[in-house]
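All chains should be modelled from the sequences, with the hints used to inform the complete structure.
Protein chains in written order, with the working numbering: chain A, 8 to 353; chain B, 8 to 353; chain C, 8 to 353; chain D, 8 to 353.
These are calculated hints, taken from the structure and not from any lab test. Each hint should be verified, as a subset may be incorrect.
Heads up, the list lumps identical chains together, so a pair's fine if it works in one copy or across two of them.
Said to hold, decoys possible - In silico DMTMM-like cross-links for lysine to aspartate or glutamate, where the CA-CA straight-line distance does not exceed 25 Å:
| hint | residue 1 | residue 2 |
| --- | --- | --- |
| 1 | Lys252 | Asp340 |
| 2 | Lys330 | Glu311 |
| 3 | Lys330 | Asp340 |
| 4 | Lys252 | Glu145 |
| 5 | Lys252 | Asp96 |
| 6 | Lys252 | Asp345 |
| 7 | Lys252 | Glu311 |
| 8 | Lys330 | Asp147 |
| 9 | Lys252 | Asp77 |
| 10 | Lys203 | Glu311 |
| 11 | Lys252 | Glu215 |
| 12 | Lys330 | Asp161 |
| 13 | Lys252 | Asp70 |
| 14 | Lys330 | Glu201 |
As the structure is a prediction and not an experimental result, all values here were calculated from the model.
There are 4 protein chains.
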Amino acid sequence: MVTTWAYIAAICCIMDSLDFRPDRSQFVYTFGGAAPSHRVRPGTLLNLWSEDAFNHALTRVSDVASHVLDFRYLNPQTGPFYVEGAEPDDTLAIHIIDLTPARSWGASAAIPFFGGMTSTDRTAMLQQALPEATWIYEVDTLAGTVGFQSRFSDFEVALPLAPMLGTVGVAPSGGEVRSSLVPERFGGNMDTPEIKPGTTVFLGVNVEGALFSIGDGHYRQGEGESCGTAVEGAMNSVILVDLIKGRAPLWPRLETDDYWMIVGSSRPMEDSWRIAQLEMIRWLSELFDLHEMDAYQLLSQTAEAPIANVVDPNYSVVVKVRKSLFPTVHAFDGMHRDLRERAAIR
Amino acid sequence: MVTTWAYIAAICCIMDSLDFRPDRSQFVYTFGGAAPSHRVRPGTLLNLWSEDAFNHALTRVSDVASHVLDFRYLNPQTGPFYVEGAEPDDTLAIHIIDLTPARSWGASAAIPFFGGMTSTDRTAMLQQALPEATWIYEVDTLAGTVGFQSRFSDFEVALPLAPMLGTVGVAPSGGEVRSSLVPERFGGNMDTPEIKPGTTVFLGVNVEGALFSIGDGHYRQGEGESCGTAVEGAMNSVILVDLIKGRAPLWPRLETDDYWMIVGSSRPMEDSWRIAQLEMIRWLSELFDLHEMDAYQLLSQTAEAPIANVVDPNYSVVVKVRKSLFPTVHAFDGMHRDLRERAAIR
Amino acid sequence: MVTTWAYIAAICCIMDSLDFRPDRSQFVYTFGGAAPSHRVRPGTLLNLWSEDAFNHALTRVSDVASHVLDFRYLNPQTGPFYVEGAEPDDTLAIHIIDLTPARSWGASAAIPFFGGMTSTDRTAMLQQALPEATWIYEVDTLAGTVGFQSRFSDFEVALPLAPMLGTVGVAPSGGEVRSSLVPERFGGNMDTPEIKPGTTVFLGVNVEGALFSIGDGHYRQGEGESCGTAVEGAMNSVILVDLIKGRAPLWPRLETDDYWMIVGSSRPMEDSWRIAQLEMIRWLSELFDLHEMDAYQLLSQTAEAPIANVVDPNYSVVVKVRKSLFPTVHAFDGMHRDLRERAAIR
Amino acid sequence: MVTTWAYIAAICCIMDSLDFRPDRSQFVYTFGGAAPSHRVRPGTLLNLWSEDAFNHALTRVSDVASHVLDFRYLNPQTGPFYVEGAEPDDTLAIHIIDLTPARSWGASAAIPFFGGMTSTDRTAMLQQALPEATWIYEVDTLAGTVGFQSRFSDFEVALPLAPMLGTVGVAPSGGEVRSSLVPERFGGNMDTPEIKPGTTVFLGVNVEGALFSIGDGHYRQGEGESCGTAVEGAMNSVILVDLIKGRAPLWPRLETDDYWMIVGSSRPMEDSWRIAQLEMIRWLSELFDLHEMDAYQLLSQTAEAPIANVVDPNYSVVVKVRKSLFPTVHAFDGMHRDLRERAAIR
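Structure below.
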């Protein structure tokens, strides 16, 4: 225990921190292809403000998405951050300490030919667009709720506030530059409610400095994000970033106190699931020195598999296992636990 | 309260019950196309035994699926039951009161070209089959566990027993007869862990008598059922069946004390999700007198969406909402609550 | 040559023939599950009349599909025919000699939530249905055309008459009964323009007697059958049926003088293609004694891959190779050539 | 006629031309993100050499793809070319005049976990990779053939030489940079045999100068490109480039003397088809002043729909209509015909 405290104290004293509230001119709309906003050392604590996914274009129920949204400027990112020492095949660990709504309201919208229950530019059909509408959710901080008010009916209900980040990503490999609307191997717009306070996101590094960014704060989102937009809102994020040399996972791995998770993103959705399954089989094989066939069998009986989004350029599926079902092991040498401890004593 | 007790007493006294343990010659392998094993009145309590999905062919780890399985005789069904008074467009309510393993062990297997992480007869490829293997899980009733023992490694772990039914279905519409391996609009082999004690399954009736059957007991199953088989085991099921005139849902609806759920089954998996989303939007619209665009928006922020299976002829996805998020209403005129009460006092 | 003539004469003299024009009460709407209309010997020449896919419900442009179609009675089949001696794992050869429109007009329709460019009951969305419409195509036998007349614009054009059968199938395996709208391993509603005069369809037999039927005549159809319906019309079909003992193909194989073809049917469409590819790789391997990797390579450079339909319960894709690219061999011991010769001298 | 000759003479005299044989250091591996190699005026004739898709790494059957391929450097592009005056929403016309193999042999390969009949990084499975192999095809210019020689069997056959370009693309929109292996809205690695001598490719311009490039010459390719690679070879391409102000198509449009075509690229494959269908419906609507429902109906009866590739990051499907079925009109004000004439008199 003495050792532990000494260790924590040591960490504590060298914890860098950075506050960043980008103005509109500093927003970035891609993963890759943008110069870093800052250089940070592994272990840095980041206090970040991010604009909402609509770039603040929807503020009232009378705002019509197709009139006021500029589709070139959606999902503005805060960053990218150059992490010192990060090299390709390293593993970036991004621990979400806290997420707090930065406005007293969030917005959601039905946007023509965007979303899961409408034809799109990909699932192209001849039908007319659905009616457009904007919903504004008031945040009640005391009650811990966001208020749904129907637009076409007479109904309202307060839903629990459940802040999460839609987007956490690094620069892609192969010199690609991708829109901040894309979820992929590099993370990005995964839109899973699993990226919430207490979650550590492990991403493989593709370029020097990793160049990670965050954005797309959601005050609440259902699994699937069916209409294409969550309760979108500007967010204050407290994040601890760290680096593991080597050991890059092929696809994003997440860890909480309770779960190990993989996020797979592709189309059709069974491929997203297959990706996440295979990566989890490999993770379990590593963690427990299991033959892949045994890991496959074990995962068959223990997996949870919540859908993340069915609306982005790739669909995202989470495959997760409850850690308490398994013997105690520490993935990535206990990085998640370590980040939790550092976060607790900051 | 007086009224309630009187009511319960009344129900109690007229509750028919039926015990049925089919022998091998009585198993049925299709939905539709089989003569009813029994006629039952709505309100009947059924004590049913069902054989495991392998038809008892895998009993030891040395049993090799491709040698001993007869693929014509998988997923044997107990039933079908002709429900008196059931007519097309009625709604059958099947309430699962209790599921108890009928053997002291369950089996799971990797079967050549079957499962989610192998090419199949549909996702056809040129690669060699995965190695075959059978895993036997010992049931520890006291501990409430099933024991995983690795086959190719040195690892074992006890997992919580969590009995469920893979298969609950009625005869299809249009004169079709479908294999008991198929999940569809008529229910069938949905393979979702949500069909467990405490769940009511609502199915639209397609033919006179509904002709429902059950089977494919799982002592435990992960979401996705990735290797294609759960911890398969013979099961003792206690079930209460009832009938609602009219109001047939288009796709299976499930209710527990905590959730309303839809199971969509199709390919690709995004279509399974779309089906379940649309049916849930319609259900929420009915329950809360909501415009579909409002229900779509509300579901976008409240849905949970666990995958059920990615291994059957159709893939199944569950879309569910937590009832506590919404004002109190009673779906199907409170049938689920009513069945719970009747089950409690049996 | 002497031998050949003697052979033909011999065949000629024993050629049975059957004329059948079912009345409405004799139509069948499933593959499997129906009693045979006739028993025929291998080698029998069939002159068959089939009703159109709409069951004659659309006869004028003012007929509205959703009002007049009875969805229980679409794709009426002529048959099924019990082929004497046909046993499971045998191969049925159905040679199309001639197809002639049996009416002077054909009909096509946009049906709500049916077709490739609209949401459907599977690719479920919230959008409104497309406008309904019926198009009537006049047949000009002399010119060999069907006349397209626009309904919402001012345009007409005569298109070449190109008769084909949408549906040729046998009873399924496993005791299943499937709607005549379904394309599958048993053939069925494949909706490919490749099933036209001169084509031999090889189908694996699943039940005694094979129980094949035909229907869904198209006076013309584009690849994909995008609106869901071709130029649908009653058809007079001249067909020669024969039987090969054993050698059942896993999926439908087609042969013309110019091509060998496979029809794969599943979802998503890449799976239909994969099925057809794998079956063709195996066919080429058999025909030319090729290792599968060589057949895979060769097929990669020689395949043609026209889509058949993207509108039925399964999507169908054809993979075909031009016979002239390969050394001369005779598939199924020359059955196609033999049927052609018999057809020529009938 | 006088006018025509005068016109041709005038064109003839102002036809710029450019010869470019990039060396290895000049190859480009992305669409977007690379500085232009040259600036060209609309109307320029380009004589271009391109390296093969393997970057010349496979030259003998003993070359093993996984050992010698550098996956960062596949599909090297020749270009990109900055077209003067090209602005976003303009239409670039790239007319293929001639394609000639630049080497006396082409190569094809089975690469681990790449191709249509193997699991991949997306359609992820646990199975072992297929055997690796390289096939070398000798070009016989006189005979006009490439020679297939089996690797695992004893078989050879000469196949017709049929040169095409796998890759023709412009820089993407939205600041994205995509690998040269990707087919998308911007064209790119569409891998369709339809891009051959005589074809005009129309692409919407996304950035100033359009920045188009070509590469991935195939001496021959089957539809689907099932093993993932065609008969890959260095190519001499003669190309005429021109510009239409405005009128950018949403997806690549192709024109030959006989066909109008669209190439849709997405996943699952039905979405690629839907994209191509919708764009063709819109094109027909424009060309013939047709209501979309009439164009949908007409296309349903006239479309051809060959698959292009089922192996790239997006799958590509071609939807095409034979021009002779329709009244004479000139798409893009006759640009294709004009380019053909200019090509003829160069």
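Hints versus structure:
| no. | hint | in the structure |
| --- | --- | --- |
| 1 | Lys252 / Asp340 | within (12 Å within a copy, 59 Å between copies) |
| 2 | Lys330 / Glu311 | both (12 Å within a copy, 21 Å between copies) |
| 3 | Lys330 / Asp340 | within (15 Å within a copy, 40 Å between copies) |
| 4 | Lys252 / Glu145 | neither (43 Å within a copy, 42 Å between copies) |
| 5 | Lys252 / Asp96 | within (8 Å within a copy, 45 Å between copies) |
| 6 | Lys252 / Asp345 | within (16 Å within a copy, 59 Å between copies) |
| 7 | Lys252 / Glu311 | neither (30 Å within a copy, 36 Å between copies) |
| 8 | Lys330 / Asp147 | between (33 Å within a copy, 21 Å between copies) |
| 9 | Lys252 / Asp77 | between (40 Å within a copy, 24 Å between copies) |
| 10 | Lys203 / Glu311 | both (18 Å within a copy, 16 Å between copies) |
| 11 | Lys252 / Glu215 | within (12 Å within a copy, 41 Å between copies) |
| 12 | Lys330 / Asp161 | between (43 Å within a copy, 19 Å between copies) |
| 13 | Lys252 / Asp70 | neither (47 Å within a copy, 34 Å between copies) |
| 14 | Lys330 / Glu201 | both (15 Å within a copy, 21 Å between copies) |
In summary, the structure is inconsistent with hints 4, 7, 13 from the numbered list given earlier, while agreeing with the others.
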